[in-house]
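Peer 1: Residue numbers (this note's numbering), protein chains in the order written: chain A, 112 to 1117; chain B, 460 to 558.
Some hints here could point you the wrong way.
[Said to hold, decoys possible] Cross-link-like lysine-lysine pairs, in silico, PhoX-like; alpha carbons within 25 Å at most:
id	chain 1	residue 1	chain 2	residue 2
1	B	K511	A	K549
2	B	K544	A	K870
3	A	K1004	A	K1019
4	A	K892	A	K772
Derived by calculation from the structure, the hints in this document are not laboratory data.
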Amino acid sequence: MTDGAGYRIGGGGRIDRSHAVTFTFDGKSYSGFAGDTLASALLANGVRLVGRSFKYHRPRGILTAGAEEPNALIQLGIGARTEPNTRATQIELFDGLTAESQNRWPSLNFDVGAANSAISRFIPAGFYYKTFMWPAKGWMFYEKFIREAAGLGKGPTEPDPDRYDKLYGHCDVLVIGAGPAGIATALAAGRVGARVMLVDEQQEIGGALLSETTARVDGMSAAEWLTCAAQEFAKLPEVRILTRTTAFAYYDHNSMSLVERVTDHLGPVADKPRQRLWRVRAKRIVLATGAIERPLVYCDNDRPGCMTASAVRTYLNRYAVATGRRVVLMTNDDSAYRTALDLVNAGVTVPAVVDLRISPEGEPVQAARGKGIEILAGHAIVKVHGDAGVKEVEVARMTDDGKGITGPTRRISCDCVASAGGWQPTVHLHSQTRSKVKWDEALQAFVPGDTIPGQNNVSIGAAHGVFALADCLREGHEAGAAAAREAFGDGDAGASPSADAGPKEGPLRPLWIVPGEKPVGRGGKHFVDYQNDVTAADVMLAHRENYRSVEHLKRYTTMGMATDQGKTSNVNALAIMAGLRNVDIPSVGITTYRPPYTPVTFGVFAGRDKGDFLDPIRKTAMHQWHEDHGAKFETVGQWYRPWYYPKAGESMHDAVNREVKAVRTGVGIVDASTLGKIDVQGEDAAWFLNMVYTNAWSKLEPGRCRYGFMCGEDGMVFDDGVTSRLDDDHFHMTTTTGGAARVMSWLEEWHQCEWPDKKVYFNSVTEQWAVMAIGGPLARKLLGELTSDIALDDQSFPHLSFREGTVAGVPARVFRITFTGDLSYEINVAPSYGLHVWRAVMQAGEKYGITPYGTEALHVLRAEKGFVIVGQDTDGTITPQDLGMDWIVAKSKPDFIGRRSMLRSDTKRPDRKHLVGLLTEDPKFVLPDGVQIVEHLKEKPPMTMLGHVTSSYWSPNLDRSIAMGLVKNGRNRMGQTLYACWEDKRIPMKVTEPKFFDPEGARVNG
Amino acid sequence: MFLITCPYCGPRDEHEFSYGHEAHIARPTLEQQNAMSDAEWADYLFMRKNPKGVHFERWVHTRGCRRWFNVARHTVTHEILKVYKMGEPAPSLGTEKNP
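Excised from the complex, chain A in its bound form (with noise of 0.2 Å):
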């Protein structure tokens, strides 16, 4: 049968034998076939031990050959590039392949930590959360020992150099699970002309149908019938086939998330994505997700080479691999049979086929005995012998109750168990979606319930409990000509595939821990979670204890948590719970099935959206400018702002110091083209102005300018700006740079929502102005020299006005207003005309010593003069009021939105928290911004905190430090000493108001 040492099959299956392909795997160098995954690779060269446990580091084995595999977790790749967790199964050969086996040291063959096993009577389940959480304070020392000796495999420590894909899809029919099922599906809906996608995770169409020998559908072998199928879907222009590509999420409204594995399975390539992530919003959706078999829960089921049948098969039928020279089987139902049936005709020995069940009767059961096979009916195994790989089990015949063992253990001489436990249907997809499961007795599975409103699914096949190749294949064809007839219109489906009834089969015994020679958990360990190393006794332990709800119990045991998520456990364990408890299964409940179905890989998420492309970056029309005079910027959102100009040898401090002095003593120029610009018009603009700013707007005049506050409903300052009148029924509003789409938003929504009727339109023209402030005591003879049109006197223009006119040669608004404190002209221009513009006033202001200052300047101007910024010295608690600007707040006016809650008794308490000056007694202590104010100290905290600092910065102009904050009754303290408190250092500061620099404002005039 096998070749020399291998264990590869001498013919069939569907790897190329033309095609050898070379990896290695924890260092040794093997050959395999292209169409072999790692898994069948290892075990044709006949590596059983790929892995150590989670917790006792025993040793694994391969247990399945597909996604639901516990045990064989592979760190795959090396560098950048390796990825822990990967499973063996799952993983596409390739030539070069780098393979490692997990959690081990310093060898998969001698692990240190495989002591725990020898001491695991001493770590049952719930050990950490019993043994080391107290102190408390210890675990913070304990986790990291822990944390080293449990583990998967270890993450990447470089940057991902592969490159990863987003793509939307859109279709009619989505099925999932290219098995007979789904094809069938996709075929009738594609003949009838819908848009179809079909998606499988494995590297070719066929499911199920990929493992069978015998099976024959249209008259054609199994393999036939894929290649035919595979034709007619080529010829089928709206139908979409996505191989190697994993349905992970299903999410609301029929929208399902796919990773696509592009290049996986060519090693690293630099010319195409790696994988893609597909979000597919499709109109019906066909589940044809099929079954997963449940491994018997058996004494020392964890050995190497204790296998499901269904693998066995697999491995058998589909790689041409013999997972072992002589196969023993144990199962619970008739599926098994047909993989002793397949090993014999395949040359590997059977010695026994063990059958819990006492008088199995069913059609495979009889075929089996005809060909000569012994069927041990009633028996056990009763324990698995062989650390390193299985040699030998002994088996027993069962009390009739199955709990126990009667007479004497015989033992069979064999490399390799496959248990079949029943099949549990791949029910996750439909679960995600919050549609419930229900418990078919006959199966003993759950199997899914009706779908909620708002999805449209169907599941089908095995996927929902039906297993007979004839019957997926006629569901398939329904499913898919009903589901086009719905989603896309009528057409021709043409005849639904067909296949022979399958033998009769017999009803399965559910038995869900098989007896061992010793009560369980009293010698040799019934492995329940392979992952996380969760067996019987652990479920029995948490019973005791009484953790017996499925929440409970899955926390307490850690049962179901891995990243395989319990796909061959969970049954097992609730069906094991259910019994301690006396009740039905159904009854113990289910866990949630949340996505992924699989694990997903982060960079596959992130997609191209990082770096450069995480988010978009905007820049003014002066940028290069402030560039190339080497400008250090600052991002405001999404805004990169010149920060600071430093020249040559210049600190930060050097640079803000300078720039600051000159605005006061000559002039500045900095770029504000980042302000939210909104343009308001309509006839009841000025109506809709009164309502959402704090002061008045009715008798503002055409030219003029006014700073005004937005709050919201509850009184608190949102947003803040300079709005001119530009017309009577023509506004043109500014906001903080922050601020701008959340202001356009609060507009439109209050304009939608609550005031339809009024007659007002909001444009957002922020990058429709390129903006630059000059400003100083010598702005106005600057900008003289710029403008022919624009009279500068304060007769003709007042501070808070604006004139339209030409600047440097361009058509410019020009508005007086100034956040500096300073006389300050705001010059918009057309972003075309921005650099021109800039260009034009530095040349002029040369003479002038004109120096372009950045945010940091700007905000110690600012500061200097006690303007707030909103955001920094607000925080959303606190009122115009609180700011000691109640001047902005209309009392004539009827309505605004924010009144009514300042008249709350709350927003009127005069000892609410105020903005007030703060002045370190040392004047040249710079405050942190932030540090908590307090009124009496105390050795060491807690000590009543009144507020913090939200402003703080060196004062060139008054040569000392100046600060703001928002404290307790702060207007009620004028003069007294409080103290800033971080850390171990007590600042004493006094209380002033917040206007240090030109109290009177009479530098506006220049």
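Could you slot chain B onto chain A? The hints should help.
Peer 2: Frame of chain A; chain B shown alone:
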């Protein structure tokens, strides 16, 4: 991700929209405001329904037409039972539950 049918643009993916809050909360008139106690005002300002069942709420098509509209959504299944324009009354769906 929801599929939301904007009354102006048609069915679009949820990421084009922003959720607002509970719908049909009319701002009290000036007379009403002045007659309201602080507690009643706070009720208007802060208290919102949180039903297990049908919720009437408003959404805005932020990355589309920027129009606000109302949605009747089931908070358990996320089924969208109706989408209707601002100013239209809440539909009677016969499935509402008290919060």
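Peer 1: The structure should be examined with respect to each hint, and the outcome stated for every one.
Peer 2: Here's how the hints hold up against the structure:
Taken as a hint, the K511/B and K549/A pair is honoured in the structure, with Cα atoms around 23 Å apart against an allowance of 25 Å. At roughly 18 Å between alpha-carbon atoms, K544/B and K870/A fall within 25 Å of each other, so this suggested pair holds. Of the pairs offered as hints, the one joining K1004/A and K1019/A holds, with about 19 Å between alpha carbons and a cut-off of 25 Å not exceeded. Note on K892/A and K772/A: the hinted pairing holds, with a Cα-Cα distance of about 18 Å set against a maximum of 25 Å.
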